[in-house]
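*Asks:* Sequence:
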Amino acid sequence: EEDIKQESDITLTKINDIICGWNDDKEIAKIAKRYKSHLSIGILRPPQLFEKGNAEIDSNASLKMANFVFEQLCSFTPGYAKNKEKEMTTMEKEKVKEKEQAIYVVLYEYYKQNIIGGVKRTRNGR
Numbered sequence: 001e002e003d004i005k006q007e008s009d010i011t012l013t014k015i016n017d018i019i020c021g022w023n024d025d026k027e028i029a030k031i032a033k034r035y036k037s038h039l040s041i042g043i044l045r046p047p048q049l050f051e052k053g054n055a056e057i058d059s060n061a062s063l064k065m066a067n068f069v070f071e072q073l074c075s076f077t078p079g080y081a082k083n084k085e086k087e088m089t090t091m092e093k094e095k096v097k098e099k100e101q102a103i104y105v106v107l108y109e110y111y112k113q114n115i116i117g118g119v120k121r122t123r124n125g126r
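Be aware that the sequence shown starts at 1, since it is given in UniProt numbering, and climbs by one per residue.
Everything labelled a hint here was simulated from the structure, so no lab data went into it. One thing to keep in mind: the hints can contain errors.
[Stated by the list, open to error] Distance condition first, Cα-Cα at most 30 Å in a straight line; then the derived BS3-like pairs of lysine-lysine:
#	residue 1	residue 2
1	64	26
2	14	95
3	52	26
4	52	97
5	112	36
6	30	52
7	5	112
8	30	14
9	26	112
10	33	52
11	5	97
12	30	112
13	52	93
14	95	33
[Unchecked claim] Derived Cβ-Cβ restraints for the label pairs, each shown as a range:
#	residue 1	residue 2	range
15	37	91	17 to 25 Å
16	71	13	31 to 39 Å
17	27	88	29 to 37 Å
18	56	95	23 to 31 Å
19	30	117	34 to 42 Å
20	116	89	32 to 40 Å
Glycine is no exception: its CB is placed at the ideal position from the N, C-alpha and C atoms.
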């Protein structure tokens, strides 16, 4: 569980760097280019959540994290800054969309490596 906490901290730092603009626009664009929607990727529910009720998920930090990330990936729509839409220029909207796509990519990589990949490591005894 300490490993997943450390990986979560690293992922949150990456997301924060994108949001706060610590990464330059080229780096954000490079990450955002790897974006694919959850419909085209076909994100499946993590196996560790099968046959688990809400109470069991809520009482276990790693299950809670797996469920949260899964739900975010399945419902997140980059470029949907609805509350600010009228105040933004087209260029600003594109920048926001690019940042949101980059955040999605970072979160999806975390999901693959630490939630889905974590299940494989556990099953293989590594």
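*Asks:* Does each hint hold? Answer for all of them.
*Replies:* Structure-based check of each hint:
no. : hint                    : verdict
1   : 64 with 26              : 34 Å, violated
2   : 14 with 95              : 17 Å, holds
3   : 52 with 26              : 42 Å, violated
4   : 52 with 97              : 35 Å, violated
5   : 112 with 36             : 14 Å, holds
6   : 30 with 52              : 38 Å, violated
7   : 5 with 112              : 15 Å, holds
8   : 30 with 14              : 14 Å, holds
9   : 26 with 112             : 24 Å, holds
10  : 33 with 52              : 35 Å, violated
11  : 5 with 97               : 28 Å, holds
12  : 30 with 112             : 19 Å, holds
13  : 52 with 93              : 39 Å, violated
14  : 95 with 33              : 13 Å, holds
15  : 37 with 91: 17 to 25 Å  : 23 Å, holds
16  : 71 with 13: 31 to 39 Å  : 22 Å, violated
17  : 27 with 88: 29 to 37 Å  : 22 Å, violated
18  : 56 with 95: 23 to 31 Å  : 41 Å, violated
19  : 30 with 117: 34 to 42 Å : 23 Å, violated
20  : 116 with 89: 32 to 40 Å : 39 Å, holds
Against the hints set out earlier in the document, violations occur for numbers 1, 3, 4, 6, 10, 13, 16, 17, 18, 19.
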